[in-house]
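**Student:** Let's have the full structure, built from the sequences with the hints guiding it.
Sequence positions in the sequence shown follow the numbering used here and run 9 to 382.
Keep in mind that the hints were calculated from the coordinates and are not lab data. This one's a predicted model, so the numbers in the text were calculated from it and none came from an experiment. All C-beta atoms in this analysis are idealised placements derived from N, C-alpha and C, irrespective of residue type, glycine included. The reader is advised that the hints may include incorrect statements.
Restraint ranges, calculated between C-beta atoms of paired labels, are given here [to be verified]:
{"no.": "1", "residue 1": "76", "residue 2": "206", "range": "41 to 47 Å"}
{"no.": "2", "residue 1": "45", "residue 2": "242", "range": "21 to 27 Å"}
{"no.": "3", "residue 1": "50", "residue 2": "285", "range": "23 to 29 Å"}
{"no.": "4", "residue 1": "180", "residue 2": "336", "range": "33 to 39 Å"}
{"no.": "5", "residue 1": "63", "residue 2": "242", "range": "36 to 42 Å"}
{"no.": "6", "residue 1": "332", "residue 2": "277", "range": "38 to 44 Å"}
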Amino acid sequence: MIGVGAEQLDCMQVNLALLAERHHGVQRSLALGAVLRFEPREGDGGLPTIEPLQQDYLNAAERWLGLRVVECRDVGSASELLALCDKHGCLYVVADAFHLHWVPYFGHKHMEHSFLLEVRDEDVLISDGYHNDTQWGPARPGTWSLSAEQLAEALPEGARAFALAPQVLPDDALPEPLVLVADPQCVSAYLRAYREHPDQVEALERLTLETWLMARSRQLHAALHHQVGATDGEAIAEHLTQWRLLVEHTYLAYRRSLRGNSAPSVVFERLAELLVGDVRVFAVATLRDRIADVVAQVLDVARADILAGTPFPSFATFSSFRVVEIVECLEDRLGVLFDPDDLVPENLHCIDDLCRIAARQPEESLNEPVAQLD
9 MIGVGAEQLD CMQVNLALLA ERHHGVQRSL ALGAVLRFEP REGDGGLPTI EPLQQDYLNA
69 AERWLGLRVV ECRDVGSASE LLALCDKHGC LYVVADAFHL HWVPYFGHKH MEHSFLLEVR
129 DEDVLISDGY HNDTQWGPAR PGTWSLSAEQ LAEALPEGAR AFALAPQVLP DDALPEPLVL
189 VADPQCVSAY LRAYREHPDQ VEALERLTLE TWLMARSRQL HAALHHQVGA TDGEAIAEHL
249 TQWRLLVEHT YLAYRRSLRG NSAPSVVFER LAELLVGDVR VFAVATLRDR IADVVAQVLD
309 VARADILAGT PFPSFATFSS FRVVEIVECL EDRLGVLFDP DDLVPENLHC IDDLCRIAAR
369 QPEESLNEPV AQLD
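**Tutor:** And the structure:
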């Protein structure tokens, strides 16, 4: 039903991917894994979250999948939704999973869920590529034929419908994978918010979803690495295994706290380690490698020493003149202009600090091809 493994996508991504594959081919969905990042936003209950907003999904669909929203409407009834479907032919719909009988959340949990809706003869055809195992049973990709009456039963509170039109992609080739360095202070603040939250049941329940989303995004990023041939498969496979184990561990911690038992706190340390490990494992053709190439050539030292984190001042070729040259070369090669406030010595003497300030630049510029130094 979907060319890319649905196990790599969340319930909002998967049906955008399904629609994109109809228009742009079965591998297009991999482009959603182009940029791996850790950028939490403020969430409910004082807990930060990495879960994308609805608009984030649509922005990603336009940028990576070649799908642009041409109409968006909140509909209050099934008849209104079907009228909109008659106009556009196929709709991407977001509704409450609590009322959708084909997913295991039916009657159990209120949450946003997506599906594709089309009209075939007298019936309504629902396509849903979601794949997940839940405490209420499995969700699996499939198609379901509903009557208008059954659709009305599934949407008692209405839905939000999007008509998306295919756009010509500037480049049919899949993008090169890019991993952005997680800011250590951001990681610390994120973990502290969960560790110190007064309601640990709520915090661990939310963290279970957070780690699940992170694990899936890394599976998708790894799939793109594999497709473009820029990966150490063995190292990435082990890294993904550790992410999956973390999801299980976090869920176990949540269930223990729910029963009034003490929960293992090591999940926070494991999460921090895996976030740091992302850069190391997905280091092929990443921002870190681009910077290392420039620094190694300017200082005339081994690239491996730069990637190992050796402080630049420890090299005999280092000087303030070389620092200026590094900054100028990076701006030229990455196509960015560093924030002047970031250009202080403590940010310019090792690769991790350079990656941190480079990652603050708009991702569009960081994803440009890198020219070779003369």
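**Student:** Run every hint past the structure and note whether it holds.
**Tutor:** Each hint, compared with the structure:
1. 76 / 206: 41 to 47 Å: 44 Å, holds
2. 45 / 242: 21 to 27 Å: 24 Å, holds
3. 50 / 285: 23 to 29 Å: Holds - the Cβ-Cβ distance for residue 50 and residue 285, about 26 Å, lies within 23 to 29 Å.
4. 180 / 336: 33 to 39 Å: 34 Å, holds
5. 63 / 242: 36 to 42 Å: 38 Å, holds
6. 332 / 277: 38 to 44 Å: 39 Å, holds
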